[in-house]
Amino acid sequence: MEAPPRVGAEDGEAPEGHLARRFQQGFLAGARLAEFPWEDLEEFLKNSKDSSALLTILQKTVLHSLSLKYPPSVKYRRCFLSELIKKHESTAAEPLNQLYEALGDVLNTEETTHCYKSYLLPSGDAVTLCESTAIISRGTTGLVTWDAGLYLAEWALENPVIFRNRSVLELGSGMGLTGITICKACHPRAYIFSDHHQCVLQQLSENIHLNGFFVESEFFQQAPTSAETRKAKHTGPRGPGIVVAELDWHLVTKEQLAKLWAEVVIAADVVYDPELTRSLISVLQKLSSDNSGRQAPDVYIAITIRNPETYCCFQKELEKVGIRWQLVPSPQKNLFPYDRRATINILRLLL
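Here the UniProt record's numbering is used: position 186 in the sequence shown is 186, and no number is missing along the way.
Be a bit skeptical, because a hint or two may be false.
16 Å max Cα-Cα, derived EDC-like pairs, lysine to aspartate or glutamate [unchecked claim]: (1) 286 x 273; (2) 333 x 147; (3) 87 x 147.
Distance windows between CB atoms, simulated [unchecked claim]: (4) 79 x 50: 23 to 29 Å; (5) 86 x 248: 47 to 53 Å; (6) 130 x 50: 34 to 40 Å.
Read the hints as simulated data drawn from the structure, not as lab findings.
Just so you know, even glycine gets a beta-carbon here, dropped at the ideal spot from N, CA and C.
Kindly produce the complete structure, drawing on both the sequences and the hints.
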């Protein structure tokens with residue numbers, strides 16, 4: 001399957017281009033409508049003699065090639081266009097037929113249980129994901145992208161040397177945003193996506209293909225063998241060797257983890273439940289106790305601190321088993337739209 005279209009300077013940029021890019025970034029990624037720069041748009045429209053800014057925003061969002069091919073949910077597009085029309089009408093400008101035509105097309109579109117979200121990279125490339133429109137679907141929260149995954153992806157883009165030419169294991173990959181971003185921009189030698197829920201693994205594999213990568217191996221019900229993992233490590237013309245593996249943190253053995261040959265281990269938004277936290281720490285212990293003589297992997301965990309007690313509990317559990325940790329500096333650039341009010345930390349664990 002071909003990769004999503006690139007988003008770059010070829011789209012052209014009018015004087016109001018900066019404002020339109022902010023709308024584009026948020027719309028394609030399905031950001032909360034309240035987070036869009038509506039006040040800036042209103043101010044711009046008041047000082048403008050025509051509706052060119054609205055047309056530019058429309059072309060870079062609802063009518064953009066990426067949105068037409070991989071559209072956000074019908075409800076989201078409807079609400080976004082309705083808000084644009086309100087802003088336009090508040091300026092007492094002449095009706096803008098393109099806005100009403102776009103809304104009419106959306107109103108005639110049937111809602112589905114899935115939607116697409118596209119995250120723009122600094123290179124002009126994009127990571128496009130097919131996700132569930134429900135936060136909890138099929139008994140799992142893994143069919144949507146969470147803030148800590150976006151935060152970890154931003155951080156990875158600013159620290160590519162950590163991943164370059166190395167084998168990376170991601171625990172709890174979900175829909176694949178962090179991993180696909182790293183595969184596109186940080187040039188790992190191999191990348192092992194892992195999760196446990198079958199529906200998540202299936203959609204994850206589809207998202208990897210959607211972004212132009214080839215999954216060399218898929219392993220369900222068991223971890224890959226050493227020989228199979230090594231085969232997947234070689235970087236091909238389409239990027240790193242990619243494996244999708246089912247990993248049950250409660251059952252995976254030290255020997256199975258050793259066969260993954262991970263040099264870097266990452267995870268995002270996996271510290272929210274005490275039982276799951278204990279299973280995660282058990283996996284980390286098994287990764288650190290490899291008797292093959294290999295150096296323990298570098299480990300980075302991104303955590304959204306919803307409940308300070310849960311966060312402190314995780315740190316105490318780490319201390320109990322002798323795993324030290326360091327707080328990693330936050331990413332400097334805001335590349336992806338997520339709740340900036342959330343407290344998200346990245347811990348480097350010293351196994």
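A quick look at each hint next to the structure:
no.: 1; hint: 286 x 273; verdict: violated (20 Å)
no.: 2; hint: 333 x 147; verdict: holds (15 Å)
no.: 3; hint: 87 x 147; verdict: violated (29 Å)
no.: 4; hint: 79 x 50: 23 to 29 Å; verdict: holds (25 Å)
no.: 5; hint: 86 x 248: 47 to 53 Å; verdict: holds (49 Å)
no.: 6; hint: 130 x 50: 34 to 40 Å; verdict: holds (37 Å)
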